[in-house]
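Student: Listed here are the chains, written in short residue letters.
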Amino acid sequence: MKNSHIIEAQQFNKKALQEILSAADHIKERTERNLPLDLLKGKILGNLFFVKSMRTNLAFDSAMKRLGGNVSHVDFPETFSSELVGGDFEDTVRVVSSLVDVIVLRHYLSGSAKRAAEVSFVPIINGGDGPAQHPTQALIDLYCIEKLKGGIDGLSIAFIGDLMNSRTIRSLTYFLAKYSGIKIYFASPRVLKIQDDMKEYLRENNIPYHESLDHAEEFKEIVSKADILYLTQIPKDHFTNGTDDYGRSREIFRLTPSTMKIMKKDTYIMHPFPRDYELPVEIDQDPRAVYFDLIKYGQFLRMGLLCRVLGVPVD
Amino acid sequence: MKNSHIIEAQQFNKKALQEILSAADHIKERTERNLPLDLLKGKILGNLFFVKSMRTNLAFDSAMKRLGGNVSHVDFPETFSSELVGGDFEDTVRVVSSLVDVIVLRHYLSGSAKRAAEVSFVPIINGGDGPAQHPTQALIDLYCIEKLKGGIDGLSIAFIGDLMNSRTIRSLTYFLAKYSGIKIYFASPRVLKIQDDMKEYLRENNIPYHESLDHAEEFKEIVSKADILYLTQIPKDHFTNGTDDYGRSREIFRLTPSTMKIMKKDTYIMHPFPRDYELPVEIDQDPRAVYFDLIKYGQFLRMGLLCRVLGVPVD
Amino acid sequence: MKNSHIIEAQQFNKKALQEILSAADHIKERTERNLPLDLLKGKILGNLFFVKSMRTNLAFDSAMKRLGGNVSHVDFPETFSSELVGGDFEDTVRVVSSLVDVIVLRHYLSGSAKRAAEVSFVPIINGGDGPAQHPTQALIDLYCIEKLKGGIDGLSIAFIGDLMNSRTIRSLTYFLAKYSGIKIYFASPRVLKIQDDMKEYLRENNIPYHESLDHAEEFKEIVSKADILYLTQIPKDHFTNGTDDYGRSREIFRLTPSTMKIMKKDTYIMHPFPRDYELPVEIDQDPRAVYFDLIKYGQFLRMGLLCRVLGVPVD
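Protein chains in written order, with the working numbering: chain A, 1 to 315; chain B, 1 to 315; chain C, 1 to 315.
Think of the hints as simulated: they come from the structure by calculation, not from any bench. Heads up, a few of these hints could be off.
When chains are identical, the list treats them as one kind, so a pair holds in a single copy or across two.
[Stated by the list, open to error] Pairs of lysine to aspartate or glutamate, EDC-like flavour, derived with a Cα cap of 16 angstroms:
id: 1; residue 1: Lys15; residue 2: Asp237
id: 2; residue 1: Lys14; residue 2: Glu32
id: 3; residue 1: Lys264; residue 2: Asp286
id: 4; residue 1: Lys193; residue 2: Glu221
id: 5; residue 1: Lys264; residue 2: Glu251
id: 6; residue 1: Lys225; residue 2: Asp284
id: 7; residue 1: Lys41; residue 2: Asp276
id: 8; residue 1: Lys52; residue 2: Glu78
Using the sequences plus the hints, can you model the full thing?
Tutor: Next up, the structure:
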C-alpha cells in the first residue's frame with residue numbers, strides 16, 4: 001500500500017498530521033487572498049459511493065471543483081451492468097481506478113478502504129467504511145479545533161452522545177492523543193459508552209480522560225469546563241429496555257439555552273450533522289454555535305488533502 | 001430575504017423583468033458572436049432536487065456549464081445519510097448552501113423556495129415548488145414570446161388545456177399583466193378552468209380576458225385570433241364523472257393539421273412539455289411549431305439569470 | 001441520418017475504421033507527450049442512460065472531461081417529470097439534444113440508437129441498445145488488438161464463452177472481416193454458439209473460421225494457437241437442461257494457470273468485464289493478462305471518437 005492513500009487514523013504520525021493541517025492553511029490563504037486555485041486542472045476525482053452520503057459526496061465534489069478539477073460519480077455500483085453477473089468489489093475498484101486520478105470511497109463494510117487500496121491504480125481516500133473509520137472527517141474536525149482555538153495542545157474536549165458508534169470520535173481521539181496537555185471527557189448514555197479499546201489507548205498514551213454515564217449533574221460540569229463540546233445524535237434503537245431510558249438520556253445530553261449559560265465564552269460547539277433533538281435550532285444564533293461556519297474550514301482541509309494525495313504542491 | 005433570490009412571479013416589477021430579459025439578450029448576442037462565455041468560471045451551482053425533473057435539472061446544468069461554471073447535484077436528499085436520523089429541510093439547505101455559490105431548488109411542497117431563502121447562505125432559484133410557483137419557466141416563456149413576436153405589448157395569448165394546475169401559466173399571467181394592450185384567452189375543460197384569483201387579478205389590472213369552457217367552436221375562433229397558443233397536457237385523473245368527458249375534452253383542445261389551417265401565419269405554438277395527445281407529432285414540421293427551437297432561448301434566459309443572481313455583469 | 005452518428009458496426013468501411021483508430025493514436029500521442037488536451041472545452045456531452053451501465057457511463061464521462069469538456073447526466077428519463085404523463089422516447093431525445101452537443105445513448109431496446117439519430121439535433125453515439133449493437137466497445141477492442149499486436153492483418157482471434165448474446169463479439173467480427181489474413185475461432189457451449197448469420201457473413205467474406213462446441217481438447221488447442229483470446233461470461237440461465245451442463249461448460253471455457261502454460265508468449269487475453277468464473281484472479285499477474293491495461297487504450301479511442309463526431313480535428 002502506497003503512502004498516498006488515506007485509509008485510517010492510525011496511519012498518521014504527528015508530523016503527517018501537521019503537514020495536512022498546513023496544506024489546508026495554504027489553501028485557506030489562497031482562497032482568502034483570491035489567488036488562483038486551479039491546482040488540479042485536468043484531474044478527475046471518482047466519487048465511488050456504495051452507500052448514500054449527501055454531505056461527504058457533495059463536499060468532496062465541491063472541493064475538487066474549487067481546485068479546477070473534475071468529478072465523476074459512481075453510485076451503488078454493485079450492479080456493474082444491468083445484464084451480467086457480478087463485478088466483485090476489487091474489480092470495480094480496478095476498473096474505476098483505471099479511469100480517474102483519485103477515488104473517494106464510501107462503503108458499508110469495515111476494511112473496504114484498505115481492500116480498495118490494495119488493488120487500486122490511484123490513491124484511495126476513505127470517505128467512511130461502515131462502522132470502522134472516517135479519517136477525513138476526523139482530520140477536518142482536528143483542523144477546525146485548531147482554527148477555533150489557535151492550537152490543539154492543552155485543550156479539553158468533551159465527546160457527547162453516541163460514543164459507541166461514532167467513527168469520527170474514534171479517529172479524532174487517536175489524533176488528539178498525539179498532542180500535549182489534552183484532556184478528554186466522554187459523556188454518554190451507558191448503552192452508548194465509548195469502547196474499552198479507546199480508553200486503553202488513552203491510558204497507554206497517558207492522556208487523562210473522564211467518563212460520565214447518564215449523569216445530568218456531571219454533564220453540566222463538563223459543559224462548563226470543556227473547551228470544545230463535540231455533540232452527536234443519540235439513536236433510539238440502541239435502547240433495548242423500553243423508551244423511558246431513551247427519553248431520559250436525550251434530555252440529559254442536550255444543549256439548551258440554559259446549558260449555554262454555563263458554557264465558557266470561548267467554548268465552541270461542534271456537531272458532525274445531521275442533528276436531532278440534542279442540538280435545538282434555538283441556539284444556532286449563539287456565536288459559540290459554529291457548526292455551519294466550520295463547513296468552510298472542512299473544505300480547505302479536503303482541498304489540501306486532494307492536492308497532497310495527488311502530489312500537487314499547495315504552497 | 002435578499003433580492004438575489006428568484007422565488008415567485010410576484011417579486012418582479014416591470015423594470016426587473018426587463019432587466020432579466022435584457023441579460024438574456026446579452027448572453028444570446030455573446031453566443032451568436034462566439035464571444036467568450038466563461039463568466040461563471042470557478043463558481044458552483046448546486047442542483048438540489050427533492051423530486052425528479054429531467055428538463056429543469058438538465059437545462060440549468062447545461063446553462064451553468066455553458067458559462068464555464070460547475071454543477072453539483074444533490075438528488076432526493078431526504079435521507080441525509082444512510083445511517084442517521086433526520087436532517088430537516090432547513091439544515092439541508094444550510095449545509096448545501098455552505099458548499100456551493102447558488103442553488104436551484106425543486107421541491108414537492110408549496111413555499112419550500114421561500115423557506116430555503118430564509119436560511120440559505122447563497123441565492124436560491126425556485127425551480128418549482130409543488131403546485132405553487134415555477135417562476136423561471138414563466139420568465140423563459142416571457143422571453144420566448146418577446147423574441148418570437150419582437151415585443152410583448154399588444155399581444156393576445158391563449159392558454160389552453162389544464163389551466164387549474166399549471167404553475168407556469170399562473171406565473172406568466174402575472175408577468176403579462178404588466179404590459180400594455182394584452183388580451184388573454186383561457187380555453188379549458190370546465191374541471192380544469194383557471195382559478196378565480198387569477199381572473200380577479202386580471203380585472204384589477206384592467207387586462208381583458210375571455211374564458212371558454214369545453215366549447216369546440218369557440219376554441220377554433222380563439223386559435224384563429226390569438227398571437228400565441230400556449231398548450232398544456234390535459235390530465236385524465238381530474239375527470240371524476242367517467243371517461244366520456246375526458247375523451248370529449250381532449251378532442252376539443254387538440255391541435256391538428258386542420259386546426260393549423262385556421263391559425264394566422266405569424267401565430268406561434270408553445271408547450272412546456274412533456275406533451276400528450278394535445279400536440280400530435282404531425283404538426284412538428286410546421287414553421288409555427290417552435291417548441292423545440294425555443295429551448296435554446298430558454299438557455300439564454302437561464303444563463304442570464306444565473307449571472308444576475310451571482311452579481312456577475314453580462315454586458 | 002447524418003454521418004456523424006455512431007450507430008452500428010455495419011456503417012463503417014475500412015477507411016472509416018482506420019480514420020477512427022488514427023484519431024485514437026493522435027490522442028494517445030498527445031497524452032504521452034503531455035500536450036494540451038482541452039480540445040472540447042465548452043462542449044457538453046449528454047450521457048442519456050435508460051439502463052444502468054457503470055463502465056460505459058463512467059468511461060465516456062471521464063473521456064469527455066480529459067478533453068476539457070463537460071458532461072450532463074440523464075439517468076432513467078422514462079419519467080420525464082414526476083407530475084406529468086409521458087414524454088415519449090423521441091421527445092426526450094429532441095429535448096436533450098437541444099441542450100447538449102453530443103449524446104451517448106444506452107437503451108434496452110434494439111434500434112433505439114437509430115431512432116434517436118433520426119430526431120436528434122446533435123450526434124448520437126450508441127453506447128449499447130439492448131441485444132443489438134455496442135459499436136463503441138467493438139471499436140475499442142479493435143484498437144486494443146492493433147496496439148497489442150502492432151497491426152490486425154494476419155491475426156487469429158478466438159472468441160470464447162457466450163457468443164450468442166455478445167453484442168461486442170458480433171460487431172468486432174464485422175470489423176475484423178475487413179482485414180487480410182484473419183482467422184477466427186468460436187469456442188463456446190452448444191447452447192451459446194455464435195448465430196448462423198455471423199458464420200454466413202464470414203463465409204461470404206472469405207474469412208476462415210473454426211467453430212468448437214463443448215470440446216475441452218479442442219479448446220486447449222485453440223488456446224495454444226490464437227493470437228488473441230477474447231473471453232466472456234457464461235450465463236447460467238441459458239442452460240435449460242439442469243445445471244450439469246453448465247458446470248461442465250464453465251470448467252471447459254476457463255483460463256487457469258495450467259491453460260496459461262500452453263498459451264504462446266505473445267498471445268493476449270481480453271475480456272469486456274465484468275468477469276465471473278472464466279477468468280480467475282490467479283492469472284491477473286501474468287503479463288499476457290492485459291485486460292486492465294487496455295482500459296487506458298479504450299479511453300484514447302473514446303476521446304478520438306468524441307472529437308470526430310463533433311468535427312474537432314485531433315492532429
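Student: Would you list, in rising numerical order, the hints stated earlier that this structure does not obey?
Tutor: 1, 2, 4, 5, 6, 7
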